[in-house]
Structure formats: structure tokens, C-alpha cells
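Engineer: Generate coordinates for the entire structure from the input sequences, incorporating the hints supplied.
2 protein chains.
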Amino acid sequence: MKQSFLFTKTRRDAPTDEVSRNAKLLIRGGFIHKEMAGVYSYLPLGLRVLNKVVGIIREEMNALGGQEVYLSALQDREVWEKTGRWDERAVDSWFKTELKNGAEAGLAFTHEEPITAMMRGHISSYKDLPKYPYQFQVKFRNETRARSGLIRGREFLMKDLYSFSRNETEHQAFYEKIKQAYHTIFARIGLGEKTVLTFASGGSFSKYSHEFQTLCAAGEDTIHLCDKCRIAVNSEIISEHTACPQCGNEKLTQEKAVEVGNIFTLGTKFSDALNLKYRNEVGKETSVFMGSYGIGPGRAMGVAVELFADEKGIVWPKSIAPFAVHLISLASSTKVKKEADALYEKLQKEDIEVLYDDRDARAGEKFADADLIGIPLRAVVSDKTPVGKVEIKARLTVVGQERTSDSARIISHAELLKMVSGK
Amino acid sequence: MKQSFLFTKTRRDAPTDEVSRNAKLLIRGGFIHKEMAGVYSYLPLGLRVLNKVVGIIREEMNALGGQEVYLSALQDREVWEKTGRWDERAVDSWFKTELKNGAEAGLAFTHEEPITAMMRGHISSYKDLPKYPYQFQVKFRNETRARSGLIRGREFLMKDLYSFSRNETEHQAFYEKIKQAYHTIFARIGLGEKTVLTFASGGSFSKYSHEFQTLCAAGEDTIHLCDKCRIAVNSEIISEHTACPQCGNEKLTQEKAVEVGNIFTLGTKFSDALNLKYRNEVGKETSVFMGSYGIGPGRAMGVAVELFADEKGIVWPKSIAPFAVHLISLASSTKVKKEADALYEKLQKEDIEVLYDDRDARAGEKFADADLIGIPLRAVVSDKTPVGKVEIKARLTVVGQERTSDSARIISHAELLKMVSGK
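Residue numbers (our numbering), protein chains in the order written: chain E, 41 to 463; chain L, 41 to 463.
Just so you know, not all the hints are guaranteed correct.
As the list claims (entries may be wrong) - Here chain E is said to cover these stretches of chain L; the calculated rule only asks that three of the stretch's residues, wherever they fall, bring their Cβ under 8 angstroms from a Cβ of chain E:
1. 47 to 54
2. 79 to 89
3. 258 to 266
Hints listed in this document are in silico derivations from the structure and should not be mistaken for laboratory results.
Source: prediction; values computed, not measured.
All residues carry an ideal CB built from backbone N, CA and C; glycine is no exception.
Structural biologist: Encoded structure:
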């Protein structure tokens, strides 16, 4: 994409009421726009990043046998009354609204109730199980405070998968598989090394549930980390479980973290309340055994900004960067400009995602924007680069917990193509 | 996809409170689930169709220079007060809700106000224009009645593009281009021959706006069609404009129709109210000239069902069918079953979208389901089909306004592959 075509502009300052680092940088870079506290719109660059995160999650959910659906935001009061969660004393984060006939409707903050009710039409026998519907869907939560940018939204995209199994054994096998899939997802997104499995309170059907917490100074959660196992206990249950649940280590260290995912054994709580039953192998009516599994793609994007940004701007992990290459033309002559144009066309032709800064602007402005936007690889064509060559420089690269920045070097167009196409 | 894997079941009867043909068939086929009147969830088959429609629209919007964004549903009262549209006497279809601090928020029924406000951060000079952001986003409209299935929803997906131009001339050129793009889109979706450009009331900045109306008995609109030009006048303005605006023909025929798209010249109504200005070529502050352009992908899907379904079920146009082929195994022996499996694998390998009915069910049930689901091509492997061959039969095919149904015939696997891959 040509930068002269992109409608968004970078800006020097974030809105004064914005306190979180991720929102400040994402707004300055033109990735998102703040509509109100905790409510953001995605602009072209931001939507590209969000779609990359979504794409990675989708692949992993499909690989597990997930089937994508899209449930409504508007919710029928009746369904939620069956589990007691319509009541605002039980759930204090509802946004509610009113139909023309005066009936109340809610905006989904999660989807256990409607999906359980919906599955009644599709599950009747043990042969229909297990099943794993999932969706990417906007949730609404009436948060009292929303000052963490994409990390805590009043309206935010969520991937939620629900598992419907015959029994606890079948459920548990899937629960372990999704645990692994979540590790894979966070590794692919670039958050793997900072993200730890965290034990949280269970419920009637399991001792624990699990969160995936990314260690991050901007986190609103506190977790208690076992340095040996790299697993943690959340603050909710630390008073009861003061040691590492895996190795028994009692030296846990407190860390700030962001909950980027959670997995939960629901058991038959929802299927009992909403009458989701199946006939088992001997014809006996049995409640379906359920689980739920969430990831916030926008939140993961916000955390990536918090973790990897430097004083100059955002540094995207390769897998979720809006573009693979930021091609910058500093041409003062038509000849050099043509050379940059030709390289852009070549990259486009090879399906390489390239943002091409073809604007009529100063070199300093272009470099500052490139640093702010944070595309992993910068490629410059200028009066100084020899014909057929380009000067490349990596944006800070995250290697383990160290960061290295390649110094600039000159390579041929062919080498650049090879480098970014991975061929 | 194997049908044994698909979690949805077809059903003999639609919910008794469902009156529209499209909702009845889509629910029976397992494409959608009714949450409440005018509020539907998309199940895997339905989401596949919806995504096909979205994909076609996206391609055409990108070809016009559109840039995809995703704006929030939750709306800030303040922005809407500037245009007077917060007031429920001006807009009676708001869903409103309340933040924890008592402030009111709305759920977007459209996005002119927030996108105009947002663009203030990105437009300042004539060099920044024209620009065409668009989105696929869920709209909320508090309809009094919602009995037409996907044709009139309280919550529904919409593609809305907004044009920001320097002046009326530049706007008008784009307006004509999008008119053509809409014809292309409806043709590609399979609604082209039934969809007519319809003149509607304009506003302060243009004599007319335009609707794209699909002739359909289930339509809630009445249009006045000129048979010569195949353009129409909507009932809103027919009293003032009794003749065809193109050829002057006064013999217009009344037809029921569904509004599947609309395009509108907004002029400077929103940019004036929300202070979206740019400096023109001579440095003068000028209001941006705007237009808005909507299509409801779910509504288009509902109309396709209304138009093409027969007494046996849905008949999808090829371009938006959930799968290209419905492969049905009627094998009674392991040998034939293996043959069907092998053909399925072969189709999958060629990236052909195939729904494979591998279920343990009677032939009659499988055929009835195939007719209900409406995939354009049915391919049967049975004890009767010779080795390496398959029996194919087209679901009713829409040719012009006539429908033809190929009778079944036997072809080789290679021929089938060639037929569906289009190679």
C-alpha cells in the first residue's frame, strides 16, 4: 500500500485524556481512534494487525476441530434468567437496552447462555458429541474504569470457543489440547516467552481454571510466578494456594500481568440450567459437559505494544505486523523515484505486504513515522543507494528478552525479496 | 467439510413464530439461529455464505480505492448531538444504554457522525482528499416490527462506505463509479437481473439519492418500475416524480422489492456540523463534500433465498453457496465408502469447497438435506456408480428468469474436478 493512499496520519501527541502507553502509541500511529473511554475504532493499520491476530487464532481453533459461528450481541432476557445471570447483582457489567415494546434486552458480555440454548437444536445423541463452536465477536462490558487502552475495553473483540463433551474425561482431554493450542497461539503472536499458564479459581466442576497471563508492567493483574516451572497462581487464589501447584515451590514472585486468555471447565452448570441433554450409549438422558475458552485479540495487540515499544514508537512482532516491509523512497531525482516505484511493484507482485512511503516529505519525518508505526523491516531507496540495491534496517528485534537492532546494510532487490518472502 | 463433523442439524419445521420464507428455510437448513425477533446468529453454513457476500463486496470496494476500517458500536452522545440526531424525535430507531457513571451511550444505527469526527484527525489539506473508508460492521436498529427474517433485522451486518471529496464534481465522479460497482456486486452475488437502480429522495445537496431494489414478492417496499430502462422510482417520491427520470416513460408498474443497497449524497451536512474542513489549493478553509453508500450482506443473503428457493429448499447462486459441491456417499460396502472418501480427499487437496455427506443415514434423508441446503452441484457415489465415476446433478439453476434442472449424469472424477475448479 502506498502511504500517500493511506488515509490516516500519524500525530505527534496522543489525546490528553489517554494515559495508557498502548493507546497513546496506537492513536499516534494511526492504528486506532478513541470514541470514548474503553471504546476504540480500528483504522486500516490497526485492522490489519487485528486481522493477523485473528487469523492465527482461527487457524489454531480450526486445527482443534473448532467450527466458526457468529452469535448476536443483542440478548434475550429469558435465556439469561435461567442461569440467574440476568440479575445485575450477579453480573454488574451488563449494558442493557430496551425494545420498542418495552421489553429489556442485553448486550452480550459473554455467550455461554445463548450458545447452550442454541445447541439444544443440534445435540440429542452421544453421536453428536463432542462439538466445538467458536466465534470472533464483539463483547460489551460496562466497566467502571477503562484507562488501559486496548487492554480493558467496554467494547472489544473476543474469540470464545465453547466445548460440548459427553463427560468429564472427554472434556479433560480437550481442555489439555486447548491449553497447548493457547501456548502455540501466544508463541505465534510473539507473546510466548512472556506468557505463563496461571492457576485461577475453578468452580463447582474443577479445582482450578487457567488463565494465560502475559508479564507486563502495564498489567492490571498481579500473579505469583514460580521461576522454576514458569507457571503462576493468580491473586484471587493465592491465599489458599501459596505454593506452585506444579512443583510445590513456595518462593513465588509477584509480577504485574495482563490476562490474555482463559480456559474454564463449566461442567453441567449451563447445560443443567438450560436443559441441554443428550442420550448416551445406553439411551440415558445425560447433561452435556461444557467448557469455555477465551482470547481477546485486541488485548493481545495492546499487550504486544506495551511489551515491545521503545521511545521511538511501536515494534511489532513479525507475525502480526501490519506489513512485512516499510519501503521508503528518499528520491530527489525522477530516476531514483522510478527505481523505488519499480521495487514497490516487484514486492507487490510477489504478494509481499509492503507499505511504501512515496510521500513528498522530509527524510526525518519519514524515518520518525516508520519508527512510530513499527514495521519490522525498513528498506530505503535514496540517491545514495546503488542501482538495484536498497538499504535495509531492522526495527528493534526482540530476541529472548534482549533486543538487538541490526545496523543498516545494503542488499540487492533480489536479496530483499528472498528475505521477506521466506523463499 | 464432512457432514458428520458439522455440528448443525437440519430440521423439518421452522419455529412456529417465524413467518418469513428466508428465515424458515435458513433455520431449517442450519444456517442461522433465531435469538429473538429480528436478531439472528450465524451458524457455520450461514457464516460461510455471509463471508462469500462480504468477500465480493470487499473486492469491489478495494478496487474503488476503499480502505477498510472497523468503527465501534457504542456511540458518544456528544458527537450525535451536533447533528441533532441524538434526539429520538429525529431518529426513532436508537437503542440506547447507560454507562456506569450514568451517561447515556447509543448503539450505532449508522456511522456518519463518528466517521466524520474521526476524519478530522486525518484530513487537513486538499492533498488529503478524496478518501474512501469503509467497514463491515454490525448496526442496531430498534424496529417496531421485524418479521422478515434476514431482510429486516434489529441487529445486522452492514457494509458502509463514506466518501470524502474536495467538491461536488469530484464527489459526483465517485458517485457514478460506486453506482457501477454496486451493479457489479449484485450481479456477482446472483441478484443482478432482479436488482434495479431506484430513484429516491435526495436531500439538501442532490435532487435524488439512489436505492438498489431487488424485485421480490417478499419485499416490504413498493417501487414503480420503468420496463424500458429497468430503473425505478420509490414510493416516497412517486407523487412528485410520476414518470421514469431517465426516459420520461409514464407507464410505470408497481412491484414489491427489497432495498439491498443505497447511495446518498450527503454534501456538507455532516462536515459542517462536525467541523470537518480542509484547506483548498488557494489556502481557503472549505467543508469536505461527503457521500455514504450502504449494502446489507445478510439482507442480500436473505433475498437470494427468497428469490431462488423452491418447495424443496434453498438454491444458492454459485458465487455465494456455502460449498461448491455436495458430495454424497450412499455406500453400503467398505469398498465404495473408500472410493467416496478418496474422492473427498482429492477435492479437498484441490482446494475445492466440498461438503461431504459421510453420515450413516438413508439416501432419502441425504437427498432431502441436500435439497434443503441448496449447494449448486450434487455428486453421488453409490454402489451403482462405476469405479472412478460419480453421478452429478445440478440443483435448480437460475438462468435468466427461467430455471432449469439438469438431469443426473455420470462423469469421471477428473471431469468433476475440472467442472468445479474451473481449470
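Engineer: Hint by hint, note whether the structure agrees.
Structural biologist: Taking the hints in turn, this is what the structure says about them:
no., hint, in the structure
1, 47 to 54, "holds (count 4)"
2, 79 to 89, "holds (count 7)"
3, 258 to 266, "violated (count 0)"
Going down the numbered hints, you'll see the structure goes against just number 3.
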